[in-house]
Amino acid sequence: MDDELYRENLMDHYRHPRHHGAFDVPDAAADGHNPLCGDQVAVQVRLEGGRIGEMRFTGNGCAVSQAATSMLTDLVQGLTVEEAAALPSQAILDELGIPLSPMRVKCAVLGLGTLKVALHRSIGTPLPPEWGDDADELVWS
Amino acid sequence: MAIDAVLDPVRLRADFPILAREVHGRPLAYLDSASTSQKPQAMLDRMMAFYATSNANVHRGVYTLGVESTDAFEAARDAVAALLNAASRREIVFTRNATEALNLVAKAHVQPRCGPGDIIVTTVLEHHANLVPWQVVARETGALLRFLDVDDEGVLQLDALDRIAGEGTVRVVAVTHQSNTLGVRPPVAELVRWAHAQGAVVVLDAAQTVPNRPVDVQELDVDFLAFSGHKTLGPTGIGVLWGREALLAETEPFLTGGEMIRSVSLERTTWNTLPWKFEAGTPAFAEAVGLHAAIDYLNDVGLEAIDAHEHAITAYALARLAEVPALRIVGPPDAASRGGVVSFLMDDVHPHDIAEILDRHAVCVRAGHHCTQPLIERLGLAATVRASFYLYTAEEDVDRLVDGLLDVRRVMGV
Numbered sequence: 001m002d003d004e005l006y007r008e009n010l011m012d013h014y015r016h017p018r019h020h021g022a023f024d025v026p027d028a029a030a031d032g033h034n035p036l037c038g039d040q041v042a043v044q045v046r047l048e049g050g051r052i053g054e055m056r057f058t059g060n061g062c063a064v065s066q067a068a069t070s071m072l073t074d075l076v077q078g079l080t081v082e083e084a085a086a087l088p089s090q091a092i093l094d095e096l097g098i099p100l101s102p103m104r105v106k107c108a109v110l111g112l113g114t115l116k117v118a119l120h121r122s123i124g125t126p127l128p129p130e131w132g133d134d135a136d137e138l139v140w141s
Numbered sequence: 001m002a003i004d005a006v007l008d009p010v011r012l013r014a015d016f017p018i019l020a021r022e023v024h025g026r027p028l029a030y031l032d033s034a035s036t037s038q039k040p041q042a043m044l045d046r047m048m049a050f051y052a053t054s055n056a057n058v059h060r061g062v063y064t065l066g067v068e069s070t071d072a073f074e075a076a077r078d079a080v081a082a083l084l085n086a087a088s089r090r091e092i093v094f095t096r097n098a099t100e101a102l103n104l105v106a107k108a109h110v111q112p113r114c115g116p117g118d119i120i121v122t123t124v125l126e127h128h129a130n131l132v133p134w135q136v137v138a139r140e141t142g143a144l145l146r147f148l149d150v151d152d153e154g155v156l157q158l159d160a161l162d163r164i165a166g167e168g169t170v171r172v173v174a175v176t177h178q179s180n181t182l183g184v185r186p187p188v189a190e191l192v193r194w195a196h197a198q199g200a201v202v203v204l205d206a207a208q209t210v211p212n213r214p215v216d217v218q219e220l221d222v223d224f225l226a227f228s229g230h231k232t233l234g235p236t237g238i239g240v241l242w243g244r245e246a247l248l249a250e251t252e253p254f255l256t257g258g259e260m261i262r263s264v265s266l267e268r269t270t271w272n273t274l275p276w277k278f279e280a281g282t283p284a285f286a287e288a289v290g291l292h293a294a295i296d297y298l299n300d301v302g303l304e305a306i307d308a309h310e311h312a313i314t315a316y317a318l319a320r321l322a323e324v325p326a327l328r329i330v331g332p333p334d335a336a337s338r339g340g341v342v343s344f345l346m347d348d349v350h351p352h353d354i355a356e357i358l359d360r361h362a363v364c365v366r367a368g369h370h371c372t373q374p375l376i377e378r379l380g381l382a383a384t385v386r387a388s389f390y391l392y393t394a395e396e397d398v399d400r401l402v403d404g405l406l407d408v409r410r411v412m413g414v
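Here the protein sequences come in this chain order: A and B. Residue numbers 1 to 141, in the working numbering, belong to the letters of the first sequence in order. Residue numbers 1 to 414, in the working numbering, belong to the letters of the second sequence in order.
Just chain A, with the same shape it has in the complex (with noise of 0.2 Å):
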């Protein structure tokens, strides 16, 4: 895909965002917050046998912050908790497909972060080490 085909898809996913919403009971979940731009999501995770059966968001912010964990609902879908605390944020990055200064980087793992927020606080899988381990909620700085 080109640029613009990415712009496409990414507009896409900002206006009809998959897995929007939130579930009764969660089996985790976390909020996310970007106070540099003011990027807002809020994750749930439903479990399935060890594995994400589904993964929902609400959140508010750029087309970018919203869109990518959109794509992210979709990409976790049936991994092992295991494999959802490990994800690199380049697979987030390959699916937006286009180039992001590094500011925008935060925005595009906000999702992320806050899934593996939400996975280390209910089932105790590991967060990347640079963050410490007593994150409650996840806030970019």
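A couple of the hints might just be wrong.
[What the hints assert, rightly or not] Derived Cβ-Cβ restraints for the label pairs, each shown as a range: (1) B:153 x A:79: 48 to 56 Å; (2) A:80 x B:333: 52 to 60 Å; (3) A:16 x B:377: 24 to 32 Å; (4) B:326 x A:80: 39 to 47 Å; (5) B:406 x A:16: 22 to 30 Å; (6) A:103 x B:78: 34 to 42 Å; (7) A:79 x B:168: 55 to 63 Å.
[As the list claims (entries may be wrong)] Pulled from the structure, derived: some chain B residues nowhere near chain A, Cβ distances all over 10 Å: (8) 155; (9) 326; (10) 336; (11) 403.
No lab work stands behind these hints: they were computed from the structure. Even for Gly, the Cβ is constructed at its ideal location relative to N, Cα and C.
For chain A, the structure is supplied; the task is to place chain B on it using the hints.
Showing chain B alone in chain A's frame:
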């Protein structure tokens, strides 16, 4: 055009080499001068010539180069003193930037004079540089922070002053000369009268105004003033603190080391005289030479002409931005009560998306909270897009912004 009658930005652009470059195959429309200004060739040449011909450390050398470099450094101080109409060159302290200048006042002058229950007054308009140092002083001394609020257009409200005056001894009023986010200009004269009636000193953050209009410290009657070289056509790494001589004289040094001492034994030291008492270590003397060249350039163009041009280009921008669907100006809707800064929003597109799409048009704007998180929160926002103007901003730059914004709406499908 009326704008061209006072100053011709298109002609001035030729003095700024960076404005000739292209980004993404398009000529640059640089609309982020409130963050940092671009640099005229004359300033770059003077710094280069200084390094190429006169470079040696200042205030030490007995040899010719050292004398020349000291003369150049001190001549820069004279140029700053003249720019601000300071009563004396001893009132001009070179710092790293405006932030360091404000920290110097907070830490070295105000903190030792503050006690529990004393009052520090500042405003919700402030850049973090004129907020965080006061939070630290309050924490260290037990002083109380009191904030003047703004209305929904960002206009500063003074009605809390009477209540604040009854709460305790007011030690300092720290206020911006012009909001870097909204461009609004607080009523400094009124604040100065009130503060002095309380026996408080006034600290003015003039980082947004020294670059673009005449700033006269004696007329303003403030007690300390800070600005940055890099927003003033000068290099990074140099800023200025101006302070009343009597106040600087009674202030203990901020940083200590070489340069700021008169004599040193192993146990004790006597301080140098003003202003060198506040300039520990090798100062940014080459940058001072660059700042001097920048001030010469500003004086050649004329600060009154620059101020008039900024008003005209801001009025033009406000009129043109009104043509963009769903665009909302944050701050006063007219140009009369603001400087060359316009913050805006689109109700249906996030500021970061706007800035990124504008970048593809080579239009440089800032998106975010602009180091004024409390103000952005007070206005009930998460971020804004900010376009800011300077002497080289032409109507064509504003037209490019408007065209880019229309493309933003196309790309985002709104």
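A quick look at each hint next to the structure:
Range check, residue 153 (chain B) to residue 79 (chain A): Cβ separation about 50 Å, and the 48 to 56 Å hint holds. Distance hint for residue 80 (chain A) and residue 333 (chain B): a CB-CB separation of about 56 Å, consistent with the stated range 52 to 60 Å. Residue 16 (chain A) and residue 377 (chain B) have their C-beta atoms about 31 Å apart, which keeps the hinted 24 to 32 Å range intact. Distance hint check: the CB atoms of residue 326 (chain B) and residue 80 (chain A) are about 44 Å apart, consistent with the given range 39 to 47 Å.
A hinted range of 22 to 30 Å for the beta carbons of residue 406 (chain B) and residue 16 (chain A) is consistent with their spacing of about 24 Å. At roughly 41 Å, the beta-carbon separation of residue 103 (chain A) and residue 78 (chain B) lies within the given 34 to 42 Å, and the hint holds. Between residue 79 (chain A) and residue 168 (chain B) the Cβ separation comes to about 59 Å, which falls inside the hinted range of 55 to 63 Å. With a closest Cβ-Cβ approach of about 24 Å to chain A, residue 155 (chain B) is found to remain outside the 10 Å limit, as its non-interface label requires.
Every beta carbon of chain A lies more than 10 Å from that of residue 326 (chain B), the smallest distance being close to 16 Å; the non-interface claim holds. The claim that residue 336 (chain B) is not at the interface with chain A holds, since no C-beta of that chain comes within 10 Å of its own (minimum 30 Å). The claim that residue 403 (chain B) lies off the interface holds: its Cβ sits roughly 19 Å from the closest Cβ of chain A, which is beyond the 10 Å cut-off.
Taken one by one, the earlier hints all hold for this structure without exception.
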